[in-house]
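Enquirer: Listed below are the residues making up each chain.
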Amino acid sequence: MKTGMKIAGLSALIAGTALPLMAQEAAAEAAPAVNNAFIFNTLLFLIGGFLVFWMAAGFAMLEAGLVRSKNVTMQLTKNIALFAIAAIMYWLVGYNLMYPGDGWSMAGILGAFSIASIQGDPAIEAGYATGSDFFFQLMFCATTASIVSGTLAERIKLWPFLIFTVVLTGFLYPIEASWQWGGGWLSEAGFSDFAGSTLVHATGGFAALAGAIILGPRLGKFSKDGRVNPMPGSNLALATLGTFILWLGWFGFNGASQLALGTEADANAVAIIFANTNMAAAAGAIAAMLLTQALYKKVDLTMLLNGALAGLVAITAGPLDPSLFGALWIGAIGGIIAVVVVPMLDKMKIDDVVGAIPVHLVAGFWGTMAVPFYTEGASFGTQLLGFVAIGIFMLVASSVVWFILKATMGLRPSEEDEVLGLDKAELGLEAYPEFKA
Amino acid sequence: MKTGMKIAGLSALIAGTALPLMAQEAAAEAAPAVNNAFIFNTLLFLIGGFLVFWMAAGFAMLEAGLVRSKNVTMQLTKNIALFAIAAIMYWLVGYNLMYPGDGWSMAGILGAFSIASIQGDPAIEAGYATGSDFFFQLMFCATTASIVSGTLAERIKLWPFLIFTVVLTGFLYPIEASWQWGGGWLSEAGFSDFAGSTLVHATGGFAALAGAIILGPRLGKFSKDGRVNPMPGSNLALATLGTFILWLGWFGFNGASQLALGTEADANAVAIIFANTNMAAAAGAIAAMLLTQALYKKVDLTMLLNGALAGLVAITAGPLDPSLFGALWIGAIGGIIAVVVVPMLDKMKIDDVVGAIPVHLVAGFWGTMAVPFYTEGASFGTQLLGFVAIGIFMLVASSVVWFILKATMGLRPSEEDEVLGLDKAELGLEAYPEFKA
Amino acid sequence: MKTGMKIAGLSALIAGTALPLMAQEAAAEAAPAVNNAFIFNTLLFLIGGFLVFWMAAGFAMLEAGLVRSKNVTMQLTKNIALFAIAAIMYWLVGYNLMYPGDGWSMAGILGAFSIASIQGDPAIEAGYATGSDFFFQLMFCATTASIVSGTLAERIKLWPFLIFTVVLTGFLYPIEASWQWGGGWLSEAGFSDFAGSTLVHATGGFAALAGAIILGPRLGKFSKDGRVNPMPGSNLALATLGTFILWLGWFGFNGASQLALGTEADANAVAIIFANTNMAAAAGAIAAMLLTQALYKKVDLTMLLNGALAGLVAITAGPLDPSLFGALWIGAIGGIIAVVVVPMLDKMKIDDVVGAIPVHLVAGFWGTMAVPFYTEGASFGTQLLGFVAIGIFMLVASSVVWFILKATMGLRPSEEDEVLGLDKAELGLEAYPEFKA
Amino acid sequence: MRRAGSARETVVKLIIAAIKPFKLEEVREALTTLGVRGMMVTEIKGFGSQSGHTEIYRGAEYAVNFVPKMRLEIVVTDALAEAAVETIAATAKTGKIGDGKIFVLDVAQALRVRTGEINDDAL
Amino acid sequence: MRRAGSARETVVKLIIAAIKPFKLEEVREALTTLGVRGMMVTEIKGFGSQSGHTEIYRGAEYAVNFVPKMRLEIVVTDALAEAAVETIAATAKTGKIGDGKIFVLDVAQALRVRTGEINDDAL
Amino acid sequence: MRRAGSARETVVKLIIAAIKPFKLEEVREALTTLGVRGMMVTEIKGFGSQSGHTEIYRGAEYAVNFVPKMRLEIVVTDALAEAAVETIAATAKTGKIGDGKIFVLDVAQALRVRTGEINDDAL
Ligand SMILES: Nc1ncnc2c1ncn2[C@@H]1O[C@H](COP(=O)(O)OP(=O)(O)O)[C@@H](O)[C@H]1O
Ligand SMILES: Nc1ncnc2c1ncn2[C@@H]1O[C@H](COP(=O)(O)OP(=O)(O)O)[C@@H](O)[C@H]1O
Ligand SMILES: Nc1ncnc2c1ncn2[C@@H]1O[C@H](COP(=O)(O)OP(=O)(O)O)[C@@H](O)[C@H]1O
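Chains as they are written, first to last, in this note's numbering: chain A, 1 to 437; chain B, 1 to 437; chain C, 1 to 437; chain D, 1 to 123; chain E, 1 to 123; chain F, 1 to 123.
If you're looking for bench data, these hints aren't it; they were derived computationally from the structure.
Fair warning: this is a prediction, and the values are worked out from it, not measured in the lab.
C-beta: ideal position from N, C-alpha, C; glycine also.
There could be a bad hint or two in this list.
To be verified - Partner residues aside, some chain A positions facing chain E, computed with beta carbon under 10 Å: (1) Lys224; (2) Arg227; (3) Val228; (4) Pro230; (5) Tyr296; (6) Asn306; (7) Val339; (8) Asp346; (9) Met348; (10) Lys349; (11) Ile350.
Claimed, not checked - Here are the simulated lysine-lysine pairs, BS3-like style, with alpha carbons at most 27 Å apart: (12) C/Lys224 / F/Lys45; (13) F/Lys96 / C/Lys221; (14) F/Lys45 / B/Lys424.
What the hints assert, rightly or not - So the derived label-pair ranges between C-beta atoms look like this: (15) E/Glu61 / D/Ala79: 51 to 59 Å; (16) D/Thr54 / C/Ser379: 46 to 54 Å; (17) E/Phe22 / B/Phe403: 25 to 33 Å; (18) C/Ser379 / B/Phe325: 42 to 50 Å; (19) E/Phe22 / A/Phe403: 51 to 59 Å.
This is chain A alone, in the form it adopts within the complex (with noise of 0.2 Å):
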């Protein structure tokens, strides 16, 4: 490493500007100045893909903390084994998947089947390590995945949910994506969707959804009579920690977004990205934490949780041309959105542990549909057109191996594991098994 330093250090000389002497052969060799861009474009990727890759600690702790206690065990067994399955199955079938360049197997609907491969020199002119752009997507892909397991958590069995992860992380994300990001239909189509409110929060949101529906409610969320029986996270704690992750993560997801660092009108677009995604996190949350105290004569902590992460969601579509103002009421409209759902789902029996649906697919919705408000060429109607096409192909996709997994293996625990908790029931190792829960 240390000897290694000295060639870089001597590499690092080479390449920077030129001392008098070394001037004159350098120029005659006419050796090649370096392109910073490069490096910062790559910088740019790796810093983001590390702030992104961290938001999958956010979901676990957010999720660990929301379940009740009997189920925290196996909250963070599907947190973990999710993301390491995005991480091979992006690899395998995904990345190329995703961004097939001209080898699409059905010209901008389908992309192309290939391993993906990040090995060789530089590609100077592409702008950036190929490298640095595959582990920047793969998080993006791994944080789709991360929407679904909160929703169902508690009382769906591990492997038939890893089983859908598969699916979702290597065809149904990076096929939907490529519509958009890949430079399929949907960017033909003029939709505008830029780090992803619908092509991952709504995305997850769709495939949660679906599955929440087929899998039913826990056991005694819903009385026969109608009623509602909360059922309180085990610790807030928890919870609390994993948003300020989400948030922190969230700079880098949308951030990095822009792709590029190498000129000074890029490095001005990530600063003011940085500046609204902020912005929209902090008004979501104050939205939240008036509306519950308005409405319920008290602050609820879980509201203004999942009222922060819909106006990150809500601003995730378009965080670059808002104002600071504008960031703000579209966040903020995010927050109440999920005060407003979150008891809706529960009226239609529907069963969403954390607030996922509201957050990611709902909130998803309404960034998506802003962005026309401060993003020229954007349209109400294509905006329209590719939540829509991307919902009906989630759902349906979704909705289907759901039902495949549930005819085979089963979906749920037994009534008397579920009431056992999946902990002892199905991993035999609890959580905290020094207390009292």
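Following the hints, put chains B, C, D, E and F with the ligands in place on chain A, whose structure we already have.
Expert: The following block gives chains B, C, D, E and F with the ligands in isolation, referenced to the frame of chain A:
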């Protein structure tokens, strides 16, 4: 995003310094080369900014871990809400009040009243993207507010606390900070506070101190017979996590306060700051550990955590100029201060739940006074002047606000509610509902 | 800070490549243009450094989650204290002992004895800021110590452990690491260990192994009849959080070990390392999950966490050269090693509380031996030589230290104290005082 | 206040029951309908014939000797005792091993702190 | 060791009390002054007239049937029993609903593990 | 079902014991060997002569009045009672202060929920 990428790739290329062929044209068109310093500076602000953002989570975890379990939900709620409020108030008033440029309302004393705006083309001559500066500065404002919540924990109602936060983040912090960082009278006077031992930490500490005195101690904290009744924190794992988070965030707090990364000298400075910051924290932790062992025949983890933070606060006023050894003894004295002052406050019947006053106010004073040891041009007199001036302003101003809130809506919950815990009494939501507390 | 900004802005401008007008003057004065590689390299060290710092928190959470609640405060205390000690010892002795340059005390074997200094003007020719290198290298030293604390948890007194840490971070690690990264005899011999599968992880593992044998198992861990009595971790949410933190930090650990970011080739290399590191972790996790399912008919989350970490350790010796597929199978074997070796150690009556020996020592061996599969010039023989040499040195040296400590102050608390738990017995402070354990 | 009774005069009964946790709500509702107005509930570790299944942790097998149970304490009037016992038995029953036990003890005296009422009036 | 007594010979009393948690310290101190030298304290969920207020979580109302209480078990000599009961009643009383209950049972035998002392000497 | 017995007919015994937590496993094994087939275990805070040592937190001293104990409840037949008490006393004993107490009460009736068996058959 991918489509965007293609363009980015191009712009990157054009931006990239010339390949033989393009060179002449470039020169011909006199295409202005990219100002890499602008990008580096902006990147420094963004990285520093997200690291300081992370400190908000650190305060939340530290405080949630040091309060009793019956007040954890409330502490979490306050911490995330105060950050959201800071984000909005700093945009609405704070930023231009703190950085009026030439728009002072009262020269050097009171800044400009206008809403912050970050849109538009990059102002190359500024050397950094406005949005990145706003993003970074905002985090400092929020940090100041985070300090207050810990001291007043477990006995102040949610809304009066949040209203105080509105005033603190919108007005009090921006005004006093403008005196120095806005180029106001203190900076003219030659005060030196690199990253805010006084401007951020002591300022938060003064607001907390005023609040603690006006609010009074928690019920049962001090018995009539003068005995102090410890109320051990409910979750030291969270408290330790919070401290690690703060330690990490501090690299951005101090490092990015160099405000520039565009030259070798700046890069070198940021590197020195990182190393010194780490050393001061380590020394503070070790000093506190050894001192508690000496005083109490056992190590007190909570003091060790306070010690590390006190070391960080102490180096914050001058993290660049000291040698590593300088950082060590400055930080170590910070750690000693924490251990010594915590019981002193108890004797004065001032109830500081997490030790924020010793850590941020007293160690902040020490750090401010230590600057002249290594920084040329700094004088003890001016340092004292600055600290006292800001101290008086903050004590008076926040006392006024606290008194108004006390007189109007009241600061404290009923005795019964306080005994029951704010989580159940005010929020109707327990942080750990399943665990027997 | 803001005032500073103005200057920074200027310097930035001057630094920035020339606007038409200034150009000639600049040329005239032959003003040396900014060496961007120096800034990029320094930035890589700083980002990598804070990511590896974060790993200290990861170890703390992982270990706090895997010990029983009666020893959590102690585990947290050890983890934060050991980091602080490493920070000071590495400055006092370690850095120059590890990187003597030409100042070897014994050529290639024993480095220089002098205190590290990072002040002064940037040494452009070095290619990076000294402070950034010190900051980054220090974190590796601390990591080595973090590995030891987990294995010996729940039964070693605070002070002997900390004194061992002083020796480990000040002498043992720097000496063995100097052999390779300091340009010592091992690097001459052609040993290849990119980021430290052997130099950091196995080294920590050897120190832990020696300690575990000399210290003996926890009371009741192994019954006379040879039965193994599991002692489940008290908080798997923390353990999972810790694993996510380590995974995140590892991007800095391996990525910044490229030691340079100043050229497209370096940027490309760092990107590949990030992607490979992530793949190895994912593969390790999946392999461990599938294997526990196969062996025990249920997934063991703690094994899954160990598997991810073992995958990371395995790829650390050579994260650059393998393809993604290479990273996959190298990481997967790491995960399998974790699952297989954990019970083996139990059979050998070696009590490794968190599985650090399988993860860091055994998977570290595997990773070291796997290098020649993808790295030209590396030979299995030399790899084995390096591993064995360092293994012998570490086993002998740390055994000596452990024995001296045992003979002088004793390593273990009284049986009664161990049963009561170190938190109450030695620190008089419970981590979760309100929760019935 | 009346003299704390000697063993001879039995006034009210204390029913102690160990049941499966998920039955708690059902039992509570059944007892309320029966007219029981209060109880004390404790989470306990139960040991009995149900105990003793084995788990695996990090590759090592171990026996789980204790199963979580809910322990109910209900003080009722002599008159209500029998019905209460029957109600609990009926509601808590799943027929599977581990359903639990019910014990009845004599209480010499009962008192309501708030009012000072004693025995039957205290319940 | 003496034969564990039959119900007929009552030697000492067991006082079981459910009180409001924040009263625990006060009650403990009062009992100590009275001469009580030991007790067992359990955190329980109490069900009674106080129970049944509703809370809202994520927009849905639900009834809170159990309130946290402290359950005290104190074994005292026959002689001390009455005073102990009165002391607890007096100290735990707030006059508000939920103050709790006190129950007195007969104990057939008491034993101090450390010394083997029994009955009065064991306390 | 048989009428819940009056105080006069004592059928089985309830043994309540407070012991040091780390003795639980040992005691459980000893009792099992003796033929005891079930028990209820509760984690409690114990107050007694052992209590009252002081701790320091953030520089302030405070007295720790409660020490964690395990509370065992074992219902046994009259015949087994004495042996059970002796076994617990013997196994839980360390000779150091805080070893705990054992109390024996009369049980009027015992019932096994699963089968409806009562008294001796219920244990
Ligand atoms: N002799 C006993 N004394 C006290 N409690 C007992 C006794 N036997 C069983 N219990 C309690 O009843 C619970 C169920 O008993 P168990 O023997 O497991 O099943 P079942 O009641 O169906 O025979 C146990 O977990 C324990 O809490
Ligand atoms: N019948 C009972 N049996 C056992 N415990 C009881 C009974 N009734 C009440 N308790 C206990 O006493 C506590 C207070 O009783 P409650 O009816 O709520 O108020 P009050 O005692 O003022 O009438 C309850 O929470 C419960 O723990
Ligand atoms: N009078 C009592 N009533 C109920 N429990 C008691 C009583 N005295 C002691 N205990 C229980 O026994 C435990 C041990 O008693 P203690 O006096 O501390 O030691 P020892 O039993 O050796 O005298 C206490 O922690 C408490 O749980």
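Enquirer: Quick one, is the A/Asn306 hint okay against chain E at 10 Å, beta carbons?
Expert: 8 Å, holds
Enquirer: Evaluate the given range 51 to 59 Å for the C-beta pair formed by E/Glu61 and D/Ala79.
Expert: 36 Å, violated
Enquirer: Classify the hint on A/Val228 as holds or violated, based on whether any CB of chain E lies nearer than 10 Å to its CB.
Expert: Holds, because the Cβ-Cβ distance from A/Val228 to chain E comes to roughly 4 Å (cut-off 10 Å).
Enquirer: With 10 Å as the cut and Cβ atoms as the points, is A/Arg227 at the interface with chain E?
Expert: 8 Å, holds
Enquirer: Interface hint check: A/Met348, Cβ to nearest Cβ on chain E, cutoff 10 Å. Holds or violated?
Expert: 13 Å, violated
Enquirer: The hint says 51 to 59 Å between E/Phe22 and A/Phe403; measuring C-beta to C-beta, is that right?
Expert: Given about 54 Å between the Cβ atoms, the range holds.
Enquirer: Look at the Cβ atoms of D/Thr54 and C/Ser379 and judge whether their distance stays inside 46 to 54 Å.
Expert: 48 Å, holds
Enquirer: Given A/Val339 as an interface hint, is the shortest Cβ-Cβ distance to chain E below 10 Å?
Expert: The hint holds - A/Val339 has a Cβ within 10 Å of chain E, the shortest such distance being about 8 Å.
Enquirer: Are the Cα positions of F/Lys96 and C/Lys221 separated by 27 Å at most?
Expert: Between F/Lys96 and C/Lys221 the Cα gap is close to 25 Å, so the pair holds against 27 Å.
Enquirer: So, as I understand it, the hint says A/Ile350 touches chain E; can you test that by seeing if any CB pair is closer than 10 Å?
Expert: 13 Å, violated
Enquirer: Taking 42 to 50 Å as the stated bounds, is the beta-carbon spacing between C/Ser379 and B/Phe325 within them?
Expert: 44 Å, holds
Enquirer: Tell me if the interface restraint on A/Lys349 is satisfied: Cβ within less than 10 Å of some Cβ in chain E.
Expert: Given a least distance of 12 Å, the restraint on A/Lys349 is violated.
When each numbered hint is compared with the structure, violations occur for hints 1, 9, 10, 11, 12, 15.
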